[in-house]
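Turn these sequences into a full structure, and let the hints guide you.
Number of protein chains: 2
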Amino acid sequence: MRRGCLMVISAPSGAGKTTLIRQLLRLEKNLIFSVSHTTRSPRPGEVEGKDYYFVSREEFESLVAAGAFLEWAEVHGNLYGTSMEKIREHLDSGRDVVLDIDVQGARQVRKKMGLEAALIFILPPSWSELERRLRSRGTEDEASLRRRLDAARQEIQAASEFDYLVLNDRFDRALSALRSILTAERLRSFRHSDLLRQWLT
Amino acid sequence: MRRGCLMVISAPSGAGKTTLIRQLLRLEKNLIFSVSHTTRSPRPGEVEGKDYYFVSREEFESLVAAGAFLEWAEVHGNLYGTSMEKIREHLDSGRDVVLDIDVQGARQVRKKMGLEAALIFILPPSWSELERRLRSRGTEDEASLRRRLDAARQEIQAASEFDYLVLNDRFDRALSALRSILTAERLRSFRHSDLLRQWLT
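Chain order of the listed sequences is A and B.
Every letter in the first sequence is one number past the one before it in the UniProt record's numbering, and letter 101, counting from 1, is 101.
Every letter in the second sequence is one number past the one before it in the UniProt record's numbering, and letter 96, counting from 1, is 96.
Read the hints as simulated data drawn from the structure, not as lab findings.
Each hint should be verified, as a subset may be incorrect.
[Unchecked claim] Per the computed footprint, the stretches of chain A lying under chain B, defined by three or more beta-carbons under 8 Å from a beta-carbon of chain B, are:
1) 92–106
2) 151–158
3) 163–173
[Stated by the list, open to error] A short list of chain A residues far from chain B (calculated; beta carbon distances all over 12 Å):
4) 29
5) 46
6) 67
7) 73
8) 89
9) 114
10) 120
11) 123
12) 132
13) 176
14) 180
As the structure is a computational prediction, the values presented were derived from the model and not from experiment.
For each residue, glycine too, the CB sits at the ideal point set by N, CA and C.
Below, the structure written as structure tokens:
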């Protein structure tokens, strides 16, 4: 059986990543979302075990000490991490997994998983559109908007470390690009050594 | 402007490669077929400059000596080669190029072009189906059938050196796999360093 693919998707906040991932999961039945651990408080509507595993900082730190995370990072003062064990289980059973993490996390995944993970960076249509989207969320004061734009610039500086770059200027095209990447990644020859062995015996 | 992608497609004879490439070229308007040089005689219906550039062995060898080929190989006693200059022109002008070459040629392309080329290997549905297809061509005597099956085994042994493996058990699915690979390859971040530079200035 084919091992699953690990898709790692990062983007500056406001690039449209969350909506893209949600729609991708709806269309790709073999793809599942990796639920992260976090120390941040649940937002209204967020469900334990579906959106996140909500844990205390003490619990999180003991998981870090036990080497339980494929990647973890501190973002805006909160800790986020991906359980290595759960990812391995999914991939071994042939399920493809999508990880919604930041640039720091993507780097850790590349280090631990090599090319088994496909790293995808999503670009917003333009700086002005990114600013417009962040403003239109309405929750942003001017200082936090500046912080997010600065963070976006730093993240985009790391985009060349990713395998793929998807410009989200038209939603349907960006979605279809993600589906093509998943299809292509499933066809990578290193994922099919079993098939080749069968052919040659 | 984005540089073009070079798709290298190899397969054992009988895997359905030629039909797949023809259909791919019909659907992908930015993709062009690289016309090879060859020393073999034209078959009925083959057109100079469209199917091949037909040259003498002397002409071919002087092109080899001049380093004019991205790759070249001897197959069944005939020489085949791909002009480096033409490929460069196409890629520089943003056209994607598909190369229909054998395993030896694919190795030379990997050596000279690195990851700029995407190497795709097409597998027939099964050994029995491959044999059936070779027989049904009607042009095969038993000895040349054996030779082709032996050659197929050797080529499949090299398949793990390719980036992608496409099983041609259902034509439409294999065709759509090739299109997804092309789409994904166009999105590779190393092809978009200009775009990233623009973002960061």
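Tell me, in ascending order, the numbers of any earlier hints that this structure violates. Hints 1, 10, 11, 13 and 14 contradicted; others consistent.
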